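Peer 1: Sequential numbering of the sequence shown, starting at 1, is according to our numbering.
It is worth saying that the hints were derived from the structure and are not from the lab.
Because the structure is a prediction, the values reported are computed rather than measured.
Glycine is no exception: its CB is placed at the ideal position from the N, C-alpha and C atoms.
Hints are not guaranteed to be accurate.
[Unchecked claim] Straight-line distance between alpha carbons at most 27 Å, and here's what the computed DSS-like set of lysine-lysine pairs gives:
#	residue 1	residue 2
1	K76	K43
2	K21	K5
3	K36	K26
4	K5	K43
5	K43	K21
6	K5	K36
7	K36	K21
8	K76	K21
[What the hints assert, rightly or not] Derived DEER-like restraints, expressed as beta-carbon distance ranges:
#	residue 1	residue 2	range
9	A77	C11	24 to 30 Å
10	Q28	L53	20 to 26 Å
11	Q30	V66	34 to 40 Å
12	S69	K43	30 to 36 Å
13	Q33	D64	21 to 27 Å
14	L71	L24	30 to 36 Å
15	N48	K26	20 to 26 Å
16	W17	L71	22 to 28 Å
17	K21	S79	23 to 29 Å
18	A73	A32	34 to 40 Å
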Amino acid sequence: MEAYKTTCPDCGHVRFWTGYKTGLGKTQEQLAQMHKEETTCEKCGSTNAQTELDHESEAGRIQDEVTSSFLGAIIKALSE
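Using the sequences and the hints, build the whole thing.
Peer 2: Here's what the structure looks like:
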């Protein structure tokens, strides 16, 4: 799972949520639902919403810390 931030350019609504990292192994229906979640504003219904990785909410910051720790461990292991 990954932390996301979706912003609607039409009404300005911002939504923080978690979802699948990739579409690997998903059915066509699941892929369509993933696309809908990434592009549809839950407030006004616009399909122009923009989704990016979340680095602001608590869930997003925790995800960043986990990723950073994981990369640090890999770099350390490779340098030994």
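Peer 1: Hint by hint, say whether it matches the structure.
Peer 2: Verification of the hints:
1. Restraint check for K76 and K43: not satisfied, since their Cα atoms lie roughly 45 Å apart, outside the 27 Å limit.
2. Our distance criterion of 27 Å between C-alpha atoms is met by K21 and K5, whose separation comes to about 13 Å.
3. Restraint check for K36 and K26: satisfied, since their Cα atoms lie roughly 14 Å apart, inside the 27 Å limit.
4. For the suggested pair K5 and K43, the alpha carbons sit about 14 Å apart, so the restraint of at most 27 Å is met.
5. For a cut-off of 27 Å, the pair hint linking K43 to K21 stands: about 24 Å separates their Cα positions.
6. Distance restraint check for K5 and K36: the Cα-Cα separation of roughly 14 Å lies within the 27 Å cut-off, and the hinted pair is therefore satisfied.
7. Between K36 and K21, the direct Cα distance comes to roughly 15 Å. Compliance with the 27 Å bound is thereby established for this hinted pair.
8. The suggested pairing of K76 with K21 holds, with an alpha-carbon distance near 26 Å, which does not exceed 27 Å.
9. Checked against the given bound of 24 to 30 Å, the beta carbons of A77 and C11, roughly 47 Å apart, lie outside it.
10. Q28 and L53 have their C-beta atoms about 25 Å apart, which keeps the hinted 20 to 26 Å range intact.
11. Distance hint check: the CB atoms of Q30 and V66 are about 25 Å apart, inconsistent with the given range 34 to 40 Å.
12. Separation of S69 from K43 is about 35 Å and conforms to the stated range, judged on CB atoms against 30 to 36 Å.
13. Checking the proposed 21 to 27 Å range against Q33 and D64 shows it holds: the Cβ atoms sit about 26 Å from each other.
14. With their beta carbons about 21 Å apart, L71 and L24 fall outside the hinted range of 30 to 36 Å.
15. Separation of N48 from K26 is about 24 Å and conforms to the stated range, judged on CB atoms against 20 to 26 Å.
16. Distance hint check: the CB atoms of W17 and L71 are about 24 Å apart, consistent with the given range 22 to 28 Å.
17. Between K21 and S79 the Cβ separation comes to about 27 Å, which falls inside the hinted range of 23 to 29 Å.
18. The hinted window of 34 to 40 Å between A73 and A32 holds, with their beta carbons roughly 37 Å apart.
Against the hints set out earlier in the document, violations occur for numbers 1, 9, 11 and 14.
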